[in-house]
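My request is simple: use the sequences and hints to build the entire structure.
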Amino acid sequence: MADTYFGLIWVYQLIVLPLILWIVRGYFEDIPSDIEYAHRIAGHGFWSTFTKIALPLAGPGIAAAGLLAFIFAWNNFIFALVLASADKQPVTVGALAFITASGINYGQIAAGIMLSIAPVFALALYAQRYLVEGLSLGAVKG
Amino acid sequence: MSLRLSHVRKCFKDDVVLDDVCFDVPAGKTLVLFGPSGAGKTVLLRLIAGVIAPDAGEIRIADRDMAGVEPEDRGIGMAFQNFALFPHLSAMENIASPLTAQRKDKGAIQSGVQKLARLLKIDHVLGHKPKELSNGQKQRTALARALAGAPRVLLLDDPLRNVDAKLRFEMRLELPRLIKDQNATVIYVTQDYKEAMAFGDEIAVINDGQIQQIGTPEDIYLSPANTDIAQLFGDPVINLLDVMPRMGPAGPYAIVSDQHVALSDSHSRVVDKPCVLGLRPEALHFVDERTPGAIPVTVETETPLNEKTVTLAMTARGREIMLSRPAGTPGPKSGPAHIGINEAAALLFDRESKELIPPNGINAAGKVA
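Quick mapping for you: the protein sequence lines, in order, are chains A and B. If you use my numbering, the first sequence corresponds to residues 709 to 850, in order. If you use my numbering, the second sequence corresponds to residues 2 to 370, in order.
Bear in mind the hints are in silico, worked out from the structure with no lab data behind them. Check each hint, because a few of them may be wrong.
Facing chain B, a subset of chain A residues (Cβ under 10 angstroms, in silico) [what the hints assert, rightly or not]: (1) Glu744; (2) Thr757; (3) Leu765.
Don't be surprised by glycine CBs; every beta carbon is placed ideally from N, CA and C.
Dropping the structure here:
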């Protein structure tokens, strides 16, 4: 576990899990219970109702939570600084390498930051339609 | 399949929502649950459906105790008041839901859904998602979903509440036939007394979590168990007049505006006790002033409804009385007039307990008073 990305991922779970639970719980609670009852009464079991009704309806919330958790972990600095070694550095810590004894290489830092923003930016562009859909969901009679 | 509830009780925290509910619906019959909102009707349906469990009492379907039986194993179809359609599935998939649960093959599901959809006139919108359907179409989709699995017990929770007046009128004509075709035992919840009278083989009037009266629509209209029920059934609403019955040489009588209204002989036991006289508007009619017992009134307003004319009149003591008569029959539009009472249709209630004092000595619950 020590000095692996996998170990670092486990530590990130610790900080993003409350965030994910808090958001996703709200989305599950927003599903009118009558819709789940209707599926049960129609003859489907508990697990079938969970996977066919609750999960799809909470989908936008799960997507939103996933995106936020990713950004949260991606931007995290302190855990990586403390736990990661020189050859297992996430980008936030890696950017520090440009602050050297001979001076601060602002150009490289700026370039590094641009590169580190790129995946988050792309993901946000892709996921925004799910986020918007999530906001408009929730009409009981819909 | 028959449905029997005995002594069912349900509380939410300290709040008793249902207490000692007992009724028995024979297979293939329709029971209408009628009561104001908050009376516990929806909770009762949920108990029968099995999505919540009773705190006490027993629910039996086809003579089998339902305690611990999951909702999916009860063989029930239910239409919710707010439709509760699956928003991410098309109307077709919504209706097919009970059939997929029964693991029918694709062709059978397809033809089953098509048949119901044609019957309910929604076959042209089967590909639409619920949010693309009108309220009436949603209502029919929800109804089709409840019927699709050919349930033994059908629970309809005020299915016509959220639809417009025209569709409600149409459905009021169509629904009884649809329900009869299903050959299921039906519990129909409504707040509309006309729907209750039209659909029910029997009506259970529920208020404050208790069943107040169970009977055929005629029973409930002609001998309501108390003044509350008398007021709920009937349009225009029943006239209730405070009276104190007296004993005369010809038997007990009540005094309305200085005129004697004869009561049934068995009412002699409430002589000199405060009572309420219930007079249906159609039990009153305009008469000539020379008629014995004619009550002088002043006609205030007249409202023509479709098939009847309703008149509001005021007695000399300032009590308001409503009369109704078939449309087209003559009657005074304003000013002084006289009314006669069809004494056989008069109902007498105890003023304190509000309960009916039955003319034959047997009260609505079937117990000798």
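* Taking the closest Cβ pair, is A:Leu765 under 10 angstroms from chain B? -> Given a least distance of 6 angstroms, the restraint on A:Leu765 holds.
* Hint check, A:Thr757 versus chain B [nearest Cβ-Cβ separation less than 10 angstroms] -> 9 angstroms, holds
* Status of the A:Glu744 interface restraint (C-beta, 10 angstroms, chain B) -> Holds, because the Cβ-Cβ distance from A:Glu744 to chain B comes to roughly 9 angstroms (cut-off 10 angstroms).
Every hint, counting from the list given before, is met by this structure.
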